[in-house]
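Visitor: Now for the letters of each chain:
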Amino acid sequence: MDLTQLAWLIPAFSFIAFFLVVFLGKFLPGRGVWISILAIGGGFVVFWVVLVGFLGADCPMAFGQATCGFSMEWFTAGDVELSWGIIVDPLSVVMLGMVTLVGLMIQVYSLGYMKGDPRLGWYFAVHSLFIASMLALVLADNFLLLYVVWELVGLCSYLLIGFWYERRSASEAAKKAFITTRIGDVGLLIGILLLFDQTGTFSMSGTFEAATAGQIGQGTLTLAALLIFLGAMGKSAQFPLHVWLPDAMEGPTPVSALIHAATMVAAGVFLVARAFPIFEAAPDALTVVAVIGLITALIAASQALVATDLKRILAYSTVSHLGLMMLSLGAFGYTAAIFHLVAHGFSKAVLFLGAGSVMHSMDEETDIRKMGGLRKVMPVTALTFTIGALSLAGAPLLAGFWSKDEVLLAVLDHKNYLLAFALIAAFLSALYMARALFVVFYGKLKDENQHVHESPWVMTGPMVLLAVPAAVVGFIALRVTDTGGFGTFLYFNKAHAFEFSYPLGIASALLALGALWLGWMAYGKGSTLLDPLKARLGGLNRIIENKYYLDDLYQWTIDRIILLVAKVVALFDRIVVNDTGVDGPAKGVRWSGGIIRYHVTGRMYNYALGMVIGGIFVALFWWLLTTR
Amino acid sequence: MSLEFFQVLSVALFSIGLYGVLARRSSVLILMSIELMLNAVNINLIAAAAFLDSAFVGQIIAIFVITVAAAEVGLALAIILQLARNKSTVNVDEVDLMKW
Amino acid sequence: MTEVLFGIAAAMALGGGLGVVATRNVVHAALFLLLSLVAVAGLYLLLFAEFLALVQVLIYGGAIIIVLLFAIMLTRSREYPRISDNRQWPLAILAAGGLFGVVTAAILWKPSPDAAPQGPGLAKLGETLFTDWALPFEVASLVLLVALIGAIIIARAGGRG
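Protein chains in written order, with the numbering used here: chain A, 4 to 631; chain B, 10 to 109; chain C, 2 to 162.
Same shape as in the complex, but just chain A:
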């Protein structure tokens, strides 16, 4: 039996865990959270089985080919046969590995972080569902199934961001996340239906064949690709739909880690990667992807520089890196984007878990201005956080360095006019990481923070375990054996190994180190190096601090335009639909009934007269019909 066939077990475990914990959790010891952890742990084990099976099996290597998976009939509607099945290809294998590992670590960490929460069972149940949806999304072999679990991912993010729904800001943030991503989801749905209209199938392989064979008109294909990208923009928080992600920090910190590292935001990048043949066939759409990604990267990086909330800094950092991934995809850097996704996923998971550890010890404090020198009291957290931050900043030899280099290389090869901006984004990302790192963990320990202590091992353990891949996962990119490494693996053995470009690598290493040094000087040692710059750029600073007024713009749009339209619609509803359409017939019946009821006189001879007249006509008809 082909071991890759077992891949469906991975999401199935967590789906089952969700139902078990929700329905039976209160009867189980420890509210059943161990079921959830056991399920994801089992998924992680199965992942290795699938990986071994996949490396051993001789799977056909092409985009979207599901031969190494299976597909079974779901139902038939008219001429359309809907199937559901799984794709096991390098992309899904990589994603499976990352999601299961990060998910497992975060669940273990949550044991410590969420300890004593009254809704612990519900938390772990939804956590399982979230991971299960993401895993199913990764494996889905047709767009319809993908859309279903895509929405499930959105639902779970809503539930988890608003987990502490007693806090108004949390429930508002959950709504914002849900609605903003819904905007993108509508685009995705339309895109899927557009492709279905053109090809008559939801199956990915069928759609890709049609797209690459040029069976779909170029304009339609570009439109479909852009609509799919709209869905990815919502989920992956791309400009201008990125506004939900920083607010999503209202959720518990492990949830943020999960959203940012493995599940939610990765879904968008994954979607574009999965549908890459369609984008390849529509180069204009790819350019849009690249430009949007770049704008997102720059805007988010600038906001990360001025944010004072630790989790928000990390959130903007995520947005920025997602922008880089999109930029990479837009520059045909398919493998680079996935590589960066993995490297960023591990690093960001470590960072969020570290931030959670800090918050846990400091009574949910997130303002970095009240922190400082925490490495003295939280050595493990400081060490892992440093590794994650340096990795994301692109410090040489850590994972982020290699992946960022690949992204830059892809941009250089295919969209070289964007390279300068990409370098700026890379520089900024190093700078804000340096700021977060040095302000929080280095410098002088504040007096009121003397009591702060390290988190329990159940939290630090996962951080250490995740810090290891965050540091070393970059080396899989290298041509460690003659198989060609990660790049070749991802690119279907088509000899697209990751090339390390020395000039670019040295340039980006210098940029990163320069930014780190600048950050150290400005934030670590407290030098006034950046102050004149800040003063000169006061206006720009204000714009950035106000998030480019995007939230205000959206609020204005909602207040002035959408609510106005809604009022008109409501007026229409009340006057035309309700008063005329619904009440109208009722009033008509009442009025006519009021008139007609007077024929019911109560006098029998009136009724008898009516009966006789009717009888006369019956007699007349009967006579006319019988005499002919």
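Hints listed in this document are in silico derivations from the structure and should not be mistaken for laboratory results. Cβ atoms here follow ideal geometry from the backbone N, Cα and C, with glycine treated the same way. Errors might be hidden in some of the hints.
In silico contact screen, one side only, chain C against chain B (beta carbon under 8 angstroms); selected entries [as the list claims (entries may be wrong)]:
id: 1; residue: G18
id: 2; residue: N26
id: 3; residue: G43
id: 4; residue: Y45
id: 5; residue: L53
id: 6; residue: T76
id: 7; residue: A106
id: 8; residue: W110
Okay, the calculated beta carbon distance ranges per label pair [said to hold, decoys possible]:
id: 9; chain 1: C; residue 1: P82; chain 2: A; residue 2: G605; range: 26 to 36 angstroms
id: 10; chain 1: B; residue 1: N95; chain 2: C; residue 2: R25; range: 18 to 28 angstroms
id: 11; chain 1: A; residue 1: V621; chain 2: B; residue 2: E103; range: 28 to 38 angstroms
id: 12; chain 1: A; residue 1: G584; chain 2: B; residue 2: S97; range: 44 to 54 angstroms
id: 13; chain 1: C; residue 1: V140; chain 2: A; residue 2: G596; range: 39 to 49 angstroms
id: 14; chain 1: C; residue 1: R157; chain 2: B; residue 2: E103; range: 21 to 31 angstroms
id: 15; chain 1: B; residue 1: N95; chain 2: A; residue 2: I578; range: 46 to 56 angstroms
id: 16; chain 1: C; residue 1: L59; chain 2: A; residue 2: G613; range: 15 to 25 angstroms
id: 17; chain 1: C; residue 1: E139; chain 2: B; residue 2: N95; range: 33 to 43 angstroms
id: 18; chain 1: A; residue 1: G584; chain 2: C; residue 2: T105; range: 50 to 60 angstroms
Take a look, some chain B residues computed to stay more than 10 angstroms from chain A by CB distance [as the list claims (entries may be wrong)]:
id: 19; residue: M10
id: 20; residue: F14
id: 21; residue: A32
id: 22; residue: A57
id: 23; residue: S63
id: 24; residue: G83
id: 25; residue: L84
id: 26; residue: I88
Starting from the structure of chain A, add chains B and C where the hints point.
Guide: The following block gives chains B and C in isolation, referenced to the frame of chain A:
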């Protein structure tokens, strides 16, 4: 003298009775008009029996009609008495409870 | 000869009927009804239905008219000497005339075969009634019984209330 004579007479008597039912207010007079209509029907039945039917079924049915008429009059008397007792009237248009 | 007798009887029947529906006095109406019923009994004789003519005079002329007079006497309304018709009487004329017109037209449309009326005779009628029609006869007697009981109950219930 043929069947039509009796049939037309029957219809005429029936129509007169019908007018009485429709136009009279007193329940006693309505009852009388109903008797007229029943008689018209009986004429029709017996004429048909005499002219067309060698088995004389019409006459038998006429006997039953008379029987039912007798029963009807007995019941109607009871109803009219009740009406006069409860409503102090025998006019049907003053008993108009069955209306809006 | 029979035509003349028919004409007399028919004129009496119709005249009595018109009297019933036209008079303003209830007692007069009852007497007009009696006239009409007796005339109808004469018509039965013309149709060789001797038994029915007898029954007509006995039941209608005797029992029913008496019951109606009882009704008049027992209710004794002040309106009885000068009763009025309701307001729909013109429509009632139209309806009755319409029915008459339609059915008469239907009757005269196709002439029936010319034949002499004939009757079964009393013995034959009795034999048929108590052999072929025995069951309906018994049911009819039951109907009478039920009507009798019903009339008593209705009249008594009112008396109690």
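Visitor: Can you name, in rising order, the numbers of the hints this structure does not satisfy?
Guide: Those not satisfied are hints 2, 3, 7, 8, 16, 21.
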